[in-house]
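Enquirer: Sequence order for the protein chains is A and B.
Counting from 1, position 39 in the first sequence corresponds to residue 39 in my numbering; the numbering is continuous, with no gaps.
Counting from 1, position 309 in the second sequence corresponds to residue 1309 in my numbering; the numbering is continuous, with no gaps.
Worth double-checking, as some hints may not be accurate.
The calculated DSS-like cross-link candidates involving lysine-lysine, where the alpha carbons are at most 27 Å apart (straight line), are [as the list claims (entries may be wrong)]: (1) B:K1072 x B:K1137; (2) B:K1018 x A:K135; (3) A:K58 x B:K1316; (4) A:K194 x A:K32; (5) B:K1304 x A:K58; (6) B:K1174 x B:K1109; (7) A:K32 x A:K17; (8) B:K1303 x A:K58; (9) B:K1260 x B:K1072.
Treat the hints as calculated values from the structure; they're not laboratory data.
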Amino acid sequence: MSMIEVSDLKKIYLLGKVEVAALKGVSVRIDKGEFVGIMGPSGSGKSTLLHQLGLLDKPSEGHILIDGTDVSQLDDEERTRFRLLHLGYVFQDYALVSELNVMENVAIPAIMQGRPLPECYAAAARVLEKVGLGKRLDHLVYELSGGEQQRVSIARALVNTPSIVFADEPCANLDTENSLTVLELFRAVNRELKQTIVMVSHEPWHMEYFDRIIFIRDGVLDMERIQREGMGTGSPR
Amino acid sequence: MHNGGYGVSLYLAVRAIKRGNRGTLALTILIIALVVVLMNFLAMIIGGVVTLYNQQMVDFQYGHVAIEPKDKETSIANANQLVRQLQRIPGVTGVTAHVSTGTTITNTKNGKFQTKSLTAFDPVDESEVTQYQRKIKEGDYLSKGDTDQILIGSLLAGNEDESQDKMPSLGGVKVGDRVTVAYSNGVVKNYRVKGIFETDGVLIDSSAFITRTEMDTVMHTEGTATEILVRGTLSDAAGTLKYTIMDYGVEEKVKTWNEKGKGILGDAIASFQLLNNIMTFVSLVVASVVVFIVTYINIINRKKQIGILKAIGIRKQVIVGSYLFQVLFLCTCGIITGVLILNLISTGLSINQLRFPMGYITPVIDYSRLAMSIVLLYAVAVVSGYIPARQATNEEILDAMRG
């Protein structure tokens, strides 16, 4: 069952007076419950693609359908609401709010939904327990290691049980051990909760964690590789 | 705003304040506090001056209501009858008739003289209207039958050392000394100084008084008055008392103490108020610039954080709201601190009073003006906080996240 359907996606940036095409017409489908990796060399457009799929940026052309909703038609307010209710994010530099402690950082998307505070904290504590930080709820961000901060970030992405989690090179700032922890965590979430995950990476050894890999080169879909049986029903158009 | 709107703003603001930079917070609160002080300090001093001046006008110069001769007349002819009539009016607690005349008073000891208006009153009637009886610095107050005694103000009495005088004086007159008074009708009389009074008011303390009995003998002013002063129950009710007196058929000019005194300090107070308004305006500009800069720097430092919040689905209005809550908190703390400082200054200046020409003043905080300045401060702070917050939240998510 399709979770994301992208057709002829283009993104053109204006650098001064020069137009730079970061995506030159990408079409892709990602199924529900898939753990998809987007890979490619630096400057290939993999992060740009993720930003368009995650509604963090607006494409110049093309359509994106997420869980049946044509998100290209949404206005700013609706996109914000959509991100809150349906999407979760994990960024390369963790992107935590320094003035909030661990539990508050994780709870904030739930609080924004208008859920009662005790319920939000309970949900946050549950997810933090799952990522192995159940004993660090009251710690501030600067008291955590990089790996721990990234796990907080993953917990925040999961707290609202989103339809899709987008991860933009989440291991780029981590050592191998912490990277392994993060990837294992993603795999566990994907398998246990059937969580759809779309992750950008440039590390070849990450490939074994993905169900399917979409390779991007120079803003176009280069190739696809299905890693696991029964996965990767999506195909480039 | 749907559920989780302003609540989330408050949630974020509380934590930003709690875990933000304490030094910046304290400094900003202090600046806003000083702005509150600046906006109200001069008004507080002016308030003290006005209160003291008003009190002195009532207590020593005009009572609550002053009755003057009709136009083109120099004195009130039927003064005794009018005094009796006024005494019967409800709300009147004292009536005194004055006769004033131009004189030259000379200190017989050193020959120094001053040209002054000498006023005569009935000491008993006078004590029910003015407060001279309570302000005797040396000697005694006048008695009803005194004929060769004079009461003079401390500044008119002066000092033997001229350099200590605040205004031209008789060069150090003491109780028991003798002064010569030359009247406008040519009579020259010698008086013993019975008492010296001191009210701290420059105009008041340079005057001199004798009894009506003495004045009537010298100037033949029996039954007349150059002014009649009336005391009621409250200074604020002087207007009502004036119209009550007029309703009783008094045909002379009836003026409240306020109307009488307006001209003397009125212009000075108007100038002070203008300065005060300029100061208030400048203070407001300072406050708005400070809040703008503080919010702007705050936002520049947290631009990435704003991007993150937007990315995870926090609405722009909620983020702007959190900055506005922070601004309101800073303002509230600054205002409370400012009001405390203002009260401390006021208390300090009540203990170590400032001396003005009309005496020592006790600062009076004008709470209506203070309330107005607080409202204005909140208004400029909210606008100055809103603009940079709005600008930052309008930025694209990815641009903001890059910092």
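Enquirer: If a hint holds in the structure, say so; if it does not, say that too.
Expert: Consistency of the hints with the structure:
no.	hint	in the structure
1	B:K1072 x B:K1137	violated (39 Å)
2	B:K1018 x A:K135	holds (22 Å)
3	A:K58 x B:K1316	holds (17 Å)
4	A:K194 x A:K32	holds (8 Å)
5	B:K1304 x A:K58	holds (19 Å)
6	B:K1174 x B:K1109	holds (10 Å)
7	A:K32 x A:K17	violated (40 Å)
8	B:K1303 x A:K58	holds (20 Å)
9	B:K1260 x B:K1072	holds (18 Å)
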